Each structure stands twice: as C-alpha cells, then as structure tokens.
Amino acid sequence: MDFLTLLQVLDTTIRLATPLLLACLAGLFSERAGIFDIGLEGKMLASAFLTAAVAAASGSVLIGTVAGIGAALALSGVHGLASITFRGNQLISGVAINFLAAGLTVVVAQSWFGQGGRTPQLSGNARFETIDLPLAAEMRDIPILGPIYAELISGHTLLVYVGLLMVPLTWWVLFRTRFGLRLRAVGENPAAVDTAGVSVVGLRFAAVAICGLLTGLAGAYLSTGLQAGFVKDMTAGRGYIALAALIFAKWRPWYALGACLLFGFLQAIALRPDVIEGTLGFEVGVQLLDALPYILTVVILAGFVGRAIPPRAGGEPYVKER
Amino acid sequence: MQKMPQWADVVLIPLISLLLAAILSALVILAIGENPWAALKLMVDGSMGSTYAWGYTLYYATNFIFTGLAVAIAIHARLFNIGGEGQAMLGGLGVALIALYIPWPHWTLALLGGAVGAALFGAAWALIPAWLQAKRGSHIVITTIMFNFIAAALLNYLLIGALKPSGSMEPATGRFPEATHLPTFQDMFSTAETALFRGAPVNVSFFVALIACVAVWALIWRTRLGYEIRAFGQSESAAKYAGISPTRIIVVTMLISGGLAGMMAINNVMGEAERLVLNAVEGAGFIGIAVALMGRSHPFGVLLAALLFGFLYQGGAELALWTSIPRELIVVIQALVILFTGALDNMVRMPLEAMFLRLRPAPKPARKTEPAE
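Protein chains in written order, with our numbering: chain H, 326 to 647; chain G, 7 to 379.
Be aware that a few hints might be false.
[To be verified] Sample of chain G residues facing chain H (criterion: CB under 7 Å; computed from the structure): (1) N41; (2) A44; (3) R142; (4) I151; (5) F155; (6) D351; (7) V354; (8) P357.
[As the list claims (entries may be wrong)] Chain G regions said to be covered by chain H (calculated; three or more residues, Cβ under 8 Å): (9) 29 to 40; (10) 291 to 305; (11) 325 to 332; (12) 335 to 342.
[To be verified] Using 25 Å as the maximum straight-line C-alpha spacing, the simulated SDA-like pairs for lysine to any residue come out as follows: (13) H:K575 / H:V609; (14) H:K645 / H:S524; (15) H:K557 / G:K170; (16) G:K170 / H:A534.
Hints in this document: simulated from the structure, not taken from any laboratory. Being a predicted model, the structure only gives us computed values, none of them experimental. Virtual Cβ for every residue (Gly too), placed ideally from N, Cα, C.
Using the sequences and the accompanying hints, generate a full structural model.
Spelled out as structure tokens, the structure:
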C-alpha cells in the first residue's frame with residue numbers, strides 16, 4: 326500500500342469513525358450514570374431522519390441538526406421515563422426505542438416524501454460543507470507532513486471536528502468537574518449520592534439528555550455529512566458498534582477514541598478489498614471485517630485481554646427507600 | 007402479600023398495555039392521513055378473512071411461538087436472551103446442512119432430523135454467551151447482541167461461498183430434496199372439492215410449535231430443572247444456598263433457549279422457503295421479545311401473543327399492499343408493545359395496584375398472619 330492509498334484509507338477511517346465516536350461518547354455519559362443504553366442505534370436513526378427531513382424542507386443543515394437533536398432527545402426522554410421514573414428494564418426500553426425509530430422513520434418518511442422511506446437528496450446548504458483548515462493548500466507541497474495535514478486533518482465537515490473535540494471535553498467534564506464526579510458516583514453507588522443530598526433522578530436525567538444530544542449529532546452527521554440524505558435503516562448497526570466500542574474502551578473517553586478509530590478503520594478497509602489483498606498478500610472476507618468489531622468485543626468481554634468492568638450500578642433502577 | 011388479584015396481573019395489565027399501544031398506533035395512522043378504523047378492518051380481513059389469510063397468520067405465529075418461548079424460558083432464569091435472531095439464523099444453517107447432505111427417506115424423519123439439527127445449532131450459538139455470563143460475568147445481553155451480528159456475517163459468508171451451488175448468482179443454498187418438503191395445511195386439510203389454505207405457507211411445524219408450548223410448560227412447572235430455573239431467577243443467592251449451581255442453570259437455560267429459537271428454522275427454512283436464503287429470520291428473533299413480554303413468559307400467553315403478532319404481521323403486509331401505509335408500521339406497533347408491556351410496565355401497574363389496594367376490604371383483626379404469597 327503506497328502512501329497516498331494509506332492516506333485515503335485513514336481519511337475514510339476518520340469519516341466513518343465520527344458517528345461511532347459521537348454515539349460511543351453518548352453511551353459513555355449514560356452508562357457512567359448507571360443507565361444502560363442499547364437504544365443508541367434508534368436515537369441516531371431518528372436524528373438522521375429528522376435532520377435530513379428538516380434540512381431538505383428548510384434548506385439549512387443547522388436547523389435540520391437542531392431538529393435531529395430534538396428527535397434524539399425525545400427518545401432519550403422516553404428512555405428516561407421508562408428506566409428512571411418508572412424503574413423499568415433499561416435493556417427492554419432500549420430495544421423498544423430501536424424498533425420505534427426503525428419503524429417510525431420509514432412510516433413518516435413515506436408519508437412526507439413518498440419516496441419509499443427516504444428523504445430527497447440533499448445538496449448545498451442542506452449538507453455540512455467540508456472545512457479547509459488554514460494553510461492547507463500552501464502546506465500541501467511539504468513532503469509527508471503536507472499531504473497528512475491537507476488530506477487527513479483538513480477538509481472534513483464540522484461534526485468531525487466536533488466529535489474529536491468531544492473527547493477531551495468528555496474527559497474534562499467527567500473527571501475534572503463536580504458534575505462529572507457526581508455523575509460517575511451515581512453510576513457506582515447512587516445511595517451514597519442520595520445521602521449527600523444530590524438528586525439521583527436529576528443526575529441520571531441529565532446524563533440521558535447528554536446522551537440524546539450526542540446521538541443527535543451522530544445521526545445528523547450520518548445523513549448530512551457522511552451521506553446526502555436519509556435512507557431506511559441507514560445506521561446499519563452503528564449504534565451497536567458504538568456500544569461495542571464503549572465496552573472495548575472500558576467506559577473511558579480517550580480509549581473510546583482509540584476503539585472508534587480502530588472500528589472505523591475496519592469499516593474503511595472493508596471498502597477496499599484490493600488494498601487488503603495487496604498488503605497482506607491474500608484475500609480477507611469482507612464478512613470477517615464486518616464481524617471483527619463484535620468478535621473483538623466478545624474477546625474483551627470474556628476478559629482474556631484485560632477485563633471490562635462496567636459501572637457497578639449500571640442497569641439498576643434506584644429505589645430511594647428499600 | 008399480593009397487591010392485586012392474579013387475574014389482574016395476568017390479564018388486565020397486558021390488555022391495558024395493548025390498548026395503549028393500539029391507541030398510539032391509531033394516532034400514528036391518523037397522523038399520516040389514513041383512517042385507523044379502515045386500516046384495522048383491512049388488517050382483520052387480510053389476516054383472518056379466509057383460510058388463505060389464516061394460513062399466513064398461523065405461519066408467522068409459528069415463528070413467533072418458537073422465538074417467544076426462547077425468550078420466555080430465559081426470562082424465568084432472569085436472563086435476557088436478545089440473541090434469538092442469531093440463534094434462529096444458525097438454526098437455519100443446521101436445517102440446511104441436514105436437509106442438503108443427508109438423504110432422508112420420508113418427511114417425518116426429515117422433520118425430526120431438521121428439528122434436532124436446528125435446535126443443536128441454535129443451542130450452540132447460545133452456548134458461548136451463556137458460558138461467558140456464567141464464568142466470566144460478561145453481560146449476556148451484550149454478548150448475544152454481538153453474536154447476532156457475528157451470525158449475520160457468518161451466514162453471509164457461507165451463502166455467497168461454500169453453500170451456494172456453483173453457477174448460481176443468488177446468495178442462497180440449493181433447493182432441498184423433495185423428500186424433506188414438509189406437508190402444508192393445504193396438503194393436509196384440503197379435500198378434492200374444497201381447497202383450503204391454498205398457497206399459504208403454514209405447515210406441519212405449527213403443530214411442533216404447539217407441542218413445544220406444552221413441553222416448555224411441563225419443563226418449567228413440572229420438572230426439577232424447571233423448579234431450579236425459577237428458583238435461580240427469583241433469587242440467585244437462595245438458589246445457591248439450596249445447592250443449585252448457577253453455572254449449570256445459566257448454561258442449560260440458554261441452551262434450551264437457543265435451541266427453541268433455532269427450531270424456528272423448521273418452519274421458515276424447511277417448511278416455507280425449502281432452501282436457506284439470506285435474512286431468512288426477518289426479525290422474528292426480536293419479535294420473540296415482544297411476544298414473551300406480552301405473554302408474561304407463560305407458554306399459553308406466548309401462544310396467544312404469537313397469534314396476535316401473526317395477525318399484525320399478515321395484516322400489516324395486507325395494509326402495505328392496499329394502502330399507502332408502509333409495512334414498517336408493524337415495527338412501530340411492535341415497539342410500542344415492547345415499550346408498554348416491558349419497559350413501562352410500572353406505569354400501568356402502579357396505578358392499578360393502588361386502585362386494588364383501595365378496593366380491598368379492611369383486613370380482619372382476628373387473623374394473625376397471612377401466609378406469604
């Protein structure tokens with residue numbers, strides 16, 4: 326594989342890793358607060374649809390994104406209502422949300438646009454434009470570093486940079502602020518947080534809301550950054566891969582970046598079978614590459630390569646008085 | 007002490023949840039500019055109006071009985087098997103291998119062999135998540151989700167590779183030999199004068215599903231193993247104290263669960279398609295979750311809920327055919343049923359419990375203690 330091909334693959338990696346990363350960080354906030362969320366997929370899908378639909382109608386991707394975040398937040402609200410207020414099963418709630426989004430997006434898309442469950446193709450201001458970082462053109466001629474800067478680092482859409490910035494931000498919020506300390510505490514020992522006079526319900530709802538915001542961004546990126554419009558089931562299991570990445574990262578932000586880049590890389594090279602064969606000298610089945618994130622996660626879960634221990638109170642509804 | 011009578015728990019709560027789901031679905035239909043009442047009539051007509059319609063409804067119900075039982079038995083051990091989809095895919099692989107590579111003399115033997123193969127493959131796919139849960143504490147929900155995707159990739163790989171007959175372009179196995187074709191209801195119930203169930207895919211597997219319901223009922227409430235499963239589900243520590251091995255219960259329960267999900271393949275692969283195609287399961291594994299929740303994890307409840315979802319599925323297909331309402335409406339209804347019967351159970355239950363407590367006659371002071379539940 327020559328240098329330029331490598332750059333292309335890595336460039337695709339970053340683009341494909343972004344929705345995973347945003348969804349993974351979303352799950353991180355939720356699960357660190359003790360709310361399991363297997364509904365990442367559904368929230369991304371709902372946001373992807375509403376973003377594309379509103380962007381198509383208004384011609385503005387920003388208005389679309391706000392609407393998409395609203396859709397994801399609404400589903401987060403359902404999840405919070407079920408798992409925090411009514412102390413229901415968080416996993417079942419997540420499953421329901423995934424189906425709700427999978428069904429509603431197509432039903433509504435068909436009703437609004439009548440194009441078989443898709444939105445019209447987006448173009449112009451209805452999509453996120455690529456951003457050229459300063460000096461990208463001038464530096465292109467510098468050997469090695471120039472192309473890396475111009476091709477790999479510059480020239481992505483806004484949400485890619487937002488996703489990357491979210492990593493240090495998440496780390497800072499969770500590990501350097503009072504809110505983050507409490508949020509993590511509520512996922513480990515909610516009774517202690519309650520005893521300290523802090524609202525467990527409030528903190529968990531805040532975490533679920535942040536989760537909605539970030540999955541909203543992930544979905545918006547899918548339909549307006551990565552692709553130009555919504556198609557049925559366009560998340561294609563990304564919510565679950567993000568979940569896998571979250572476990573792979575052992576619920577830590579910087580590791581999450583690594584895991585998402587790795588899984589993004591697997592998706593990127595799956596698109597280039599010629600490159601794999603040229604590099605390794607033999608053919609690797611695309612199906613194996615598809616399955617690899619899941620297989621790796623099972624291996625990690627099995628504890629053969631460093632054990633993944635979830636937040637202690639994860640999945641448990643908090644009952645104030647036992 | 008029970009807060010409300012048993013019949014309320016078993017009948018009233020599922021009915022109210024169903025009603026809520028139905029009301030919301032009707033609102034969705036209204037919102038997209040169709041008439042919910044007309045839609046319902048169309049669904050009832052299309053799924054129960056003729057033996058042909060019944061043939062499809064019962065065919066779908068057969069799938070859902072198997073996957074619903076699979077989820078239900080796991081729930082008794084407080085395990086959430088979300089991997090029915092993958093296990094059913096592997097069950098299909100088992101059926102395909104057995105039907106294609108063993109020369110069966112008669113369909114009865116083929117059905118038996120197919121059922122065993124499907125159950126074995128499905129159970130094998132549940133074994134690793136079960137073992138990881140029992141020995142390593144890895145959350146079974148996450149591992150079974152991962153195994154669904156791995157199963158999809160595996161089948162994809164096999165169906166465009168080793169299992170595809172040479173020269174064929176389609177990702178599917180060759181047709182199963184004639185001797186493995188299961189009799190459909192049309193073969194069984196039609197007379198020379200009147201053709202019943204003409205062209206409908208419902209087949210003899212429906213009866214296997216009914217037998218499975220009885221068998222699961224007997225297993226859970228009439229055997230030592232069933233007692234141990236329920237004891238483990240109620241309290242792991244108490245079960246341990248009684249000498250029940252958690253590892254054994256988790257693994258055995260998941261094997262049975264996976265086996266049941268896998269056995270769905272005798273209906274959809276052996277009975278209907280008569281070859282293994284890509285995405286043969288079509289989400290039935292996930293509908294099993296809704297069916298088990300709706301049926302309160304009781305085999306009879308699962309049977310009723312499976313019939314309901316069979317009706318929804320066939321009715322939904324008819325809707326998509328005759329109106330502009332897409333098939334995905336069924337997914338919405340399914341989601342609402344899961345939401346109300348599963349996740350928002352307390353929303354329905356708490357007010358009902360309060361109501362029944364208020365209706366309860368004042369306790370008589372003479373009685374000392376009531377026997378605990």
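Hint check against the structure, violated hint numbers in rising order: 1, 2, 7, 8, 13, 15 and 16
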